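My request is simple: use the sequences and hints to build the entire structure.
Number of protein chains: 2
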Amino acid sequence: MIQRLRGFRDMYPEAMRARRIVFNKICEIALEFGFHEIDTPSVEHLDLFRVKSGEEIIKQTFSFVDKGGREITLIPELTPSVARMIASRKDLVKPVKWFSFPKMWRYEEPQSGRLREFYQFNADIFGVENISADAEVLALAMEILDSLGLKNKYVMRVSDRVLMENILKSLGIKRVENAFYLIDRKDKIPEDEFYESLKKISSEDSAQQLVEILSLKGEPDKVLSKLKDTERKNTLLELRDLVKAYSKEFILDLSVVRGLAYYTGIVFEAHDAKGELRAILGGGRYDNVVELFGGQHTPAVGFGMGDAVLEILMKREGVWPEEKIEVDFFVAIIPGYRKEAIKIATLLRKKGFHVDIELRERSISKQLKYANRINAKYTVIVGDEIKKNRVTVKNMETGEQRLVNIDDIDAIIQP
Amino acid sequence: MIQRLRGFRDMYPEAMRARRIVFNKICEIALEFGFHEIDTPSVEHLDLFRVKSGEEIIKQTFSFVDKGGREITLIPELTPSVARMIASRKDLVKPVKWFSFPKMWRYEEPQSGRLREFYQFNADIFGVENISADAEVLALAMEILDSLGLKNKYVMRVSDRVLMENILKSLGIKRVENAFYLIDRKDKIPEDEFYESLKKISSEDSAQQLVEILSLKGEPDKVLSKLKDTERKNTLLELRDLVKAYSKEFILDLSVVRGLAYYTGIVFEAHDAKGELRAILGGGRYDNVVELFGGQHTPAVGFGMGDAVLEILMKREGVWPEEKIEVDFFVAIIPGYRKEAIKIATLLRKKGFHVDIELRERSISKQLKYANRINAKYTVIVGDEIKKNRVTVKNMETGEQRLVNIDDIDAIIQP
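Each protein sequence line maps, in turn, to chains A and B.
Under my numbering, the final residue of the first sequence carries the number 838; numbering is consecutive throughout.
Under my numbering, the final residue of the second sequence carries the number 838; numbering is consecutive throughout.
Treat the hints as calculated values from the structure; they're not laboratory data.
What you are looking at is a predicted structure, and each value in this text was computed from that prediction instead of being measured.
Glycine residues also receive a C-beta, built at the ideal position from the N, C-alpha and C atoms.
Keep in mind that the hints are not guaranteed to be accurate.
[Said to hold, decoys possible] Selected chain B positions facing chain A (Cβ under 8 Å, derived; list incomplete):
| hint | residue |
| --- | --- |
| 1 | His459 |
| 2 | Phe487 |
| 3 | Arg761 |
| 4 | Arg783 |
Laid out in structure tokens, this is it:
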């Protein structure tokens, strides 16, 4: 027996229905925010990912040489494809606000919240220099989580690459990239180890100061009041005010870096409030990426949210939709009335109801058992009475059963 | 500049919105027919496809050896994955009716209606031996096409593997598989070539008779009246009657084979009525496949429909949705009123409207131009009047403009 691959999922109808409810909700919020759906190839030239992310990400790809000798890969992230799409259409009227919810693949060791195949919701705004786009994207991310029942169950942590770069420079730390890499790993390694590594690229005094700064987390004005930098202070307070106009709040947390090196401004991550899980979502501003793919200079800000951590968190918080299938009607058939039953089912389907029908030739009691199994709200039994245009309708919850004229049948429930 | 791969598509918002309308409609019809959505991995062990389809299909796969040395492939079809899912859950209460609409990949030369990456809608019923399941699946396929505006624009062609096998045997043709392979290619090769190839596996007399039988196309009873076989006659007439109860019709066309060797009964294909395009969809009964994957004997019938031919046909027939984006509201901002504008946008979004908002700081005339570009139905201008709880609402179609109290704003249009 051939099994599925490790880190991949089979989604049976019960689980899929719950997931579909969640996915639809997420996309609906994106539409409410004036974002438009796009779709990109799931396979791209491997070079597309080398441009932006370097060899590091290549190690984690499902990449291969195709039958035509091309070095190609399953997409491990969306940004390069989207940036390519932006770069190759000079006629696009900016700003553009795009979202999509594709599958992605990463060749990593599967663990809780990390799969080899996953879905990732992506939303990006291209063509807006100023902070109002960052606010719009942050508000979208938070509204998605709130609308999924996660209000107060997560923390949105925001930082700023420009501010951090200024801080690093003022501390005399010149290897900024290395510092970012290190800070990004801070929560994953022991405190000592972090401190020792830091001292390799900075003085002991600076290292101490930096550790202190990285521990600052909280309301933006409180955190900012402890810093000397004034250049970015106003921008960050403006961001806070704009986000507040959306009725949302974030904390400033300078330890947030977002590993990938291409961010150029605001970066953010949402984490479960208990701090038990990997990041729920992450994103930021990346003003130089579209140029990398041959496009005009195009400021950009966006985020990605995988489905794995989100599902774990929603289940933990009891807000994941019930995993069950259901239909509005099951049409049961007394022997000899199949064609009449099909007509009744067709009638109900035309009205938009979800309708299953007996396809075998089981006894009525077995058909009712089956109707229960698929969570039919009502069972319509088609038999002799159909000659008088009537069918028996059984409410599967209450057990109540009555003869109904087929013209009145759709009044029983709304689709 | 790195291009996308040949045979792959970038889907910009305008095209994607049309596609989403079509995809949603298809899934909604499946739900109305009592089918439930599932999801399968996009990558599987290559062996999974060897089991069912043999080496032939392997040539057309995007397959490779992963970093762990596994021979894996992007899925070229869905049936093996679904059969594996059925086989590995002994507790499933039958029948089950499943659908999905995943991406698939085939390494073939791209041409009109054939891409290397495409979406394919799939629907299958497992666990029903009798012909009522074939009828349900056929009716679903036809209802999908009808509901997409293709009524009378396509022909559903049905044949029967058992009937054809009986005919081949009665003609003394023993290499049944070869004959099916040949018949499947009939429309793709010149008549002479077909006839000559046929004579290699049959007598001249039988070849002539077979050519005649293959030319029989039309109403099931007319076609059947010209055949000796009686064993399958009743089954096929029953199928016709059941499908008729769904208000649908098909023609019997014995030249339909469906290349893949695993079909065991009814096979069918829908073609555009003008006969210009590749098949729109195809399917049939495959009662032995689940066993191949280690499951119990499980009768099955289903079909697959790619998105490429469907799109070409719908565009040709003028029923493809208009390719344009739109939003309900664009919120324009007079300088100094950004936060108030965000609050108005948030209010409208909470009510379910699709709302974009000015993210730059453009002049009102430029903002209105942009609102037009994104096909906003209304533009809400937030300025001084917000102090009196009022905004200017402009109907973008009629140009009509009036001051509206923000409490009345959502009465203007329904979401």
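These are the hints, each one checked on the structure:
For the restraint placing His459(B) at the interface with chain A, the shortest Cβ-Cβ distance is roughly 4 Å, inside the 8 Å limit, so the hint holds. Interface hint at Phe487(B): satisfied, since its Cβ lies 3 Å from the closest Cβ of chain A, which is below the 8 Å cut-off. Hint status for Arg761(B): holds, given a least beta-carbon distance of 7 Å to chain A, under 8 Å. The restraint placing Arg783(B) at the interface with chain A holds, with a minimum CB-CB distance near 6 Å, inside the 8 Å limit.
Consistency note: the structure conflicts with none of the earlier hints.
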